[in-house]
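Trainee: Residues per chain are reported as follows:
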Amino acid sequence: MNWITNYVRPRINSIFSRRETPENLWSKCDECGTMLFHRELSANLNVCTSCGHHMAIRPRDRFTALFDGGIFTEVKVPEPTDDPLRFRDQKKYPERLRAAQKSTGEKEAMLVAEGEMGRMPIVAAAQDFSFMGGSMGMYVGNAIIAAAERAVELKRPLVLFSAAGGARMQEGILSLMQMPRTTVAVQMLKEAGQPYIVVLTHPTTGGVTASYAMLGDIQIAEPGALICFAGPRVIQQTLGEKLPEGFQRAEYLLDHGMLDRVTPRTQLRDELIRITRMLMGQPPAVAGDLPAPAEPPVEEPKSEEQPAPEKAEDGTASEEADQTK
Amino acid sequence: MTYYLDFEKPLAEIEGKAEELRAMARQNSEMNVEDEAAALDKKATAMLEELYGSLTPWRKCQVARHPERPHCSDYIEALFSEYTPLAGDRNFADDHAVMGGLARLDDKPVMVIGHEKGNDTESRIRHNFGMARPEGYRKAVRLIETAGKFGLPVITLVDTAGAYPGKGAEERGQSEAIARSTQACLQAGVPLVSVIIGEGGSGGAVAFATANRVAMLEHSIYSVISPEGCASILWKDSDKMREAAEALRLTAQDLHKLGVCDRIIPEPLGGAHRDRDATIESVKSALGAMLKELEGKKPAALIKDRRQKYLDLGSKRLAA
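Residue numbers (our numbering), protein chains in the order written: chain A, 6 to 330; chain B, 3 to 322.
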């Protein structure tokens with residue numbers, strides 16, 4: 006583009022040039038500052054190729070990389086009552102919700118799906134930190150219950166990826182009540198004898214940590230994830246005490262006996278396959294037999310939202326792998 | 003000396019005057035002040051009725067935190083006989099913010115667990131201002147499980163600003179401890195009833211109040227976050243706690259409408275601290291009534307009842 010095109014065709018541009026080249030083909034690692042090409046970064050699941058720092062990954066992208074062939078079916082989540090408290094701070098709650106829906110393209114802060122992972126049928130749920138801080142309100146509660154019920158019904162393990170600032174204040178006491186509510190969901194899985202595996206991602210804090218996110222049969226965290234009930238700032242303010250290096254990070258929790266494992270995102274899928282297969286009494290996965298995981302979706306910034314790859318039928322997803330690419 | 007809240011200042015003046023008059027009369031027996039003092043008393047009562055008849059949510063928070071409000075230990079002492087405290091989480095320590103043990107309510111054995119805030123500087127420090135550490139929740143889990151094993155109903159008395167935001171508490175797995183305590187509540191095959199006697203602060207309260215029946219004292223509160231905390235996050239100004247208290251809908255009356263609280267226990271005029279005995283008596287009859295509702299239910303039915311109560315809190319039919 007030069008000044009003429011800028012000058013002559015601004016209106017035409019605005020109509021026809023929606024599919025212009027993305028502006029931010031490069032993004033900077035939050036940790037080491039390396040400029041990373043977007044294809045390379047998303048191919049590496051948003052883990053910095055230079056320093057290994059784990060950046061946020063959206064639930065849809067995570068599922069595409071997790072499920073065989075990137076194919077999964079969304080599990081329907083029952084709608085809760087809208088804005089039960091008619092909550093208003095500086096903005097009205099429904100306005101905040103709509104803004105989050107617009108910026109993320111998602112309906113709410115949790116996505117639930119079923120599909121196969123290394124030919125192991127599972128149900129997965131992932132929390133979306135970019136949607137109002139992943140906060141747990143009634144929808145997230147419903148999502149976790151729906152995920153647990155589906156896992157029990159299909160006799161599959163539930164793999165849950167947590168990421169949240171805590172409870173959703175705009176739903177007041179009803180958000181707090183999602184703590185016992187989601188604990189009921191964990192109980193359902195426990196009674197049915199289905200494995201419940203939690204992957205804690207950055208950050209998982211507050212009421213979420215104090216309910217379903219800490220009750221897994223296996224607790225895995227991504228490297229560097231902040232995991233806590235009261236955040237470091239609150240503690241520092243209350244006690245005025247300097248906190249040790251790495252306090253409340255995944256590795257620190259592992260050292261203090263609060264986690265089973267800390268596993269890099271790029272190795273997580275293999276590990277989850279291994280663990281779920283063992284817990285379900287399945288033979289080991291044969292590496293050559295496994296369908297390749299899907300290419301993570303190349304996220305073209307500003308491009309139209311891609312419809313979710315969905316499959317209609319039961320389990321045989323692997324053959325359809327090519328279609329979604 | 004009565005402790006007056008900021009909105010009770012005019013009341014303090016009137017009651018102060020009445021007290022002054024009576025003090026003068028005590029020294030000088032010829033003086034007859036009773037008529038005047040009685041008039042002042044009447045005025046004070048009218049003012050109390052007016053103030054407490056229309057407490058704003060923020061004022062309710064203040065009343066719920068009133069330093070002279072009866073605390074867990076007061077209820078335990080007055081309501082139960084043969085109270086036998088049980089201590090420790092068998093892992094690390096005994097948390098003094100949480101008290102609990104075996105006791106008899108009308109001669110029937112129960113397990114009682116509650117937060118104790120303390121009532122003077124020394125005891126407040128010992129009880130950590132009623133803010134439990136992981137050991138407190140783990141002690142509660144132990145007591146709930148013991149109660150379950152021997153078929154004893156569990157009574158929890160909730161009064162906490164929330165979990166303790168400390169380094170050690172975090173290191174020792176505060177979140178996991180809260181989650182396990184909530185889980186223990188849900189799994190208990192015995193009646194579990196809870197009374198919010200003052201503050202029901204966030205996760206620290208949920209860990210004890212995941213019950214078959216939840217009652218709240220008339221001026222108690224139960225909230226996902228303190229109004230001050232909410233104000234500083236959403237308004238970026240912690241002085242907006244009045245607005246936050248309003249928006250959070252944290253009063254017993256709101257929670258009753260939302261289906262979280264099953265029963266409101268009336269408080270004497272001017273709040274629980276103005277007539278402790280009457281308050282404790284009301285709590286006693288509420289406990290009796292709630293336990294009666296659950297009497298004779300089988301363990302599985304009790305667990306199911308409790309579960310359903312919480313599962314319902316997200317469905318469409320919730321009306322604001």
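Since the hints were made in silico from the structure, they are not lab data. Note that the structure is a prediction, hence the values are computed from the model and not measured. Please note: incorrect hints may appear among the correct ones.
Chain B stretches covered by chain A per the calculated footprint, using a threshold of three residues with CB under 8 Å from any CB of chain A [said to hold, decoys possible]:
1. 42-53
2. 177-188
3. 222-229
4. 250-260
For glycine and all other residues, C-beta sits at the position ideal for the given N, C-alpha and C.
Trainee: None of the hints should be skipped; say for each whether it holds.
Mentor: For each hint, the structure was consulted:
Using a Cβ-Cβ cut-off of 8 Å, 0 residues of the segment 42-53 of chain B lie near chain A, which falls short of the minimum of three, so the contact claim is violated. Counting residues of the segment 177-188 of chain B whose beta-carbon sits less than 8 Å from any beta-carbon of chain A gives 9, enough to reach three: the coverage restraint holds. Counting residues of the segment 222-229 of chain B whose CB falls under 8 Å from any CB of chain A gives 4; the rule of at least 3 is met. Counting residues of the segment 250-260 of chain B whose CB lies closer than 8 Å to any CB of chain A gives 6, which reaches the minimum of 3, so the coverage claim holds.
In this structure, the one hint that does not hold is number 1.
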